[in-house]
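Novice: Chain by chain, the residues run as shown.
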Amino acid sequence: MIKLGGLALINPLIVASGTFGLGDKYPERYRHAGAFICKTITPLPRAGNPPPRIVETPSGSVNYVGLENPGVDGFLNLIRRIRIPTVFIVSVYAESTADLARVLSKMETESRISGYELNLSCPNIRQRRVMPSVDPVFVRRMVKTARGLTRKWICAKLPPYTCIDAAQVCEDAGADAVTVSNTYPSIAFTPKGHRMQGGLAGPAVKPMALYYVYQTSLRVRIPIVASGGVTAGRDVEEFLGAGAKAVQVGSIQYVDPGALRRILQEWRALRMRRP
Amino acid sequence: MDEIASRVLQNKKVSDSYHVLTLGVRERLTIFPGQFVQILCRTPGETTPFLRRPFSVMDIRGRAMDILYKVIGPGTARMSEWRPGDSVSILGPFGNAFSIDDTAVGPALVVAGGTGLGGVHYLVRALKSRGVSVTFVYGVRFRRETAPAVLKSLGVKTEVVVEERSGVVTNRLKKMALERFRNCFVCGPTGMIRATADLVRGRIPMIEVSLEEMMGCGFGICYTCPVKKRTGQGYYRACDEGPVFREEMISL
Ligand SMILES: Cc1cc2nc3c(=O)[nH]c(=O)nc-3n(C[C@H](O)[C@H](O)[C@H](O)COP(=O)(O)OP(=O)(O)OC[C@H]3O[C@@H](n4cnc5c(N)ncnc54)[C@H](O)[C@@H]3O)c2cc1C
Ligand SMILES: Cc1cc2nc3c(=O)[nH]c(=O)nc-3n(C[C@H](O)[C@H](O)[C@H](O)COP(=O)(O)O)c2cc1C
Ligand code: FES
Chain A
1 MIKLGGLALI NPLIVASGTF GLGDKYPERY RHAGAFICKT ITPLPRAGNP PPRIVETPSG
61 SVNYVGLENP GVDGFLNLIR RIRIPTVFIV SVYAESTADL ARVLSKMETE SRISGYELNL
121 SCPNIRQRRV MPSVDPVFVR RMVKTARGLT RKWICAKLPP YTCIDAAQVC EDAGADAVTV
181 SNTYPSIAFT PKGHRMQGGL AGPAVKPMAL YYVYQTSLRV RIPIVASGGV TAGRDVEEFL
241 GAGAKAVQVG SIQYVDPGAL RRILQEWRAL RMRRP
Chain B
1 MDEIASRVLQ NKKVSDSYHV LTLGVRERLT IFPGQFVQIL CRTPGETTPF LRRPFSVMDI
61 RGRAMDILYK VIGPGTARMS EWRPGDSVSI LGPFGNAFSI DDTAVGPALV VAGGTGLGGV
121 HYLVRALKSR GVSVTFVYGV RFRRETAPAV LKSLGVKTEV VVEERSGVVT NRLKKMALER
181 FRNCFVCGPT GMIRATADLV RGRIPMIEVS LEEMMGCGFG ICYTCPVKKR TGQGYYRACD
241 EGPVFREEMI SL
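Residue numbers (my numbering), protein chains in the order written: chain A, 1 to 275; chain B, 1 to 252.
Calculated from the structure, these hints are not laboratory results. Mixed in with the good hints there might be a few duds.
[What the hints assert, rightly or not] Non-contacting residues of chain A with respect to chain B, defined by C-beta distances greater than 10 Å in every case (computed):
{"hint": "1", "residue": "19"}
{"hint": "2", "residue": "106"}
{"hint": "3", "residue": "241"}
[As the list claims (entries may be wrong)] Some chain B residues flagged as far from chain A (calculated, every beta-carbon gap over 10 Å):
{"hint": "4", "residue": "15"}
{"hint": "5", "residue": "22"}
{"hint": "6", "residue": "52"}
{"hint": "7", "residue": "72"}
{"hint": "8", "residue": "228"}
[What the hints assert, rightly or not] With a cut-off of at most 30 Å between alpha-carbon atoms, the simulated BS3-like pairs for lysine-lysine come out as follows:
{"hint": "9", "chain 1": "B", "residue 1": "174", "chain 2": "A", "residue 2": "192"}
{"hint": "10", "chain 1": "B", "residue 1": "12", "chain 2": "A", "residue 2": "192"}
{"hint": "11", "chain 1": "A", "residue 1": "192", "chain 2": "B", "residue 2": "70"}
Yeah, the Cβ is synthetic: ideal placement off N, Cα and C, and Gly gets one too.
This is chain A alone, in the form it adopts within the complex (with noise of 0.2 Å):
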């Protein structure tokens, strides 16, 4: 058991909002989570970008989905129907306080959800607030809407870079946690030439990612959430000692649907062998 501020986990691995769908599609491969984070949903739904999506690059790859999503109606109709086995986590996105407190308000009607993953840190829309540097009067009004309106868990996720400064204007504004970090803006080339600027994932973004993970903890003292390039048990124990107190897995899931429970035995296995 964990305790990430208000909320208990029944162990620190969280799936990372994007990289498993929406919830309604294989709820027994995340049940061994200790939370589910939804792809990130709008008060609109959104179509999203043109293709191509996603090139692959040296030990990961750079995706531009662009938040593809049914609107905050959408889901709700959508999850209704679903049992959820785990600690149920909405990543939100809205362009002004007005929007995230439409959106917020209706998330509050299903009981079921624990808590909001605020995403100020998508690098695939144009977020002017946010990228490539961030707006920390923009991040504090935001989080203090969402505090505003629930009393529900309000972990907010940032960019990389930026994410020392905003994490401490996250903590003054009352959020429970702060996830350390999104994707790396970046771009890539498709093997045809097509030249497609997104957000780096996967193992080459980890060694940058503990880096965030560990300047950060040393600038606030509400709990950070590590996500990026978690592919084994080890990647865990890294985190963990780096600052974090729980740990995201996000796209290896795509190579392996089951990552979550092998890196989660991998990583109760290394703690047994410790001293």
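Could you slot chain B with the ligands onto chain A? The hints should help.
Specialist: Quick look at chain B with the ligands alone, frame taken from chain A:
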């Protein structure tokens, strides 16, 4: 969606850059024509190439599965190095299938380009076993790439169109009496599918196409495989609602 452990039974070069990989699996798998599997082209401990690669099931015989592949990048280059006995991790089968039961009673036109041959091979066999008369037109860029043994094993009337000699597949299709077919199935590069669909539309009542675009996961959780809807807004997921689509559903 469990991982299927398999072993290489055979990995045979069938033309200049095409190979047929035969995998042995522990249990009999139920796979329908048009479905695909996701192959891990590295050992689990490595990180490159990171993502799995999708391949159509070319044929299935008991516990042996054939896959036709062309070496074009890091993943398929790795595959070409596999030897009998090597273990291979596959996921699947995924995706929908060609609709052959309800509709395929009349003569069928099957069109494939390049690696699309892998995608229609099993389909042709299934159509034949249902007594459907099949005409197969296969387009390939270079003569040295045609795999005669694979084409022959289909056992249907086949026209091979070699692009370096006679231009693209649609040049050949233009000369055919298309109206006599009831169904048209197309698999291959997107450009070829588009050209074929444009030509055949309105002349053959049912057209189904199978796309070979990039996929992140292959089972509906990453949203990186969009296929534009013909009407209305938004996209289908090629891996989930596809890879086979009624031509009139999508916009290529
Ligand atoms: C459902 C399905 C069935 C398939 N069946 C077969 C088959 O039976 N036989 C076969 O040989 N191949 C098949 N393919 C294609 C096969 O998956 C690719 O050839 C393979 O992934 C190449 O991997 P690679 O690492 O060798 O090359 P890579 O360097 O990864 O890719 C080279 C090719 O992949 C395509 N590609 C890669 N990334 C992108 C992107 N972001 N956007 C657009 N295109 C991209 C390009 O067209 C390029 O030609 C199928 C694909 C799909 C989706
Ligand atoms: C295809 C894809 C889609 C993603 N979609 C989202 C999303 O909708 N919201 C979000 O907050 N993060 C999204 N992410 C970022 C992941 O949650 C995670 O932070 C990132 O992939 C780094 O972790 P990894 O290296 O373990 O994959 C996405 C990542 C990928 C690869
Ligand atoms: S490839 Fe992941 S959703 Fe289609």
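Novice: Looking back at the hints listed earlier, which ones does the structure fail to meet?
Specialist: 1, 6, 7 and 8
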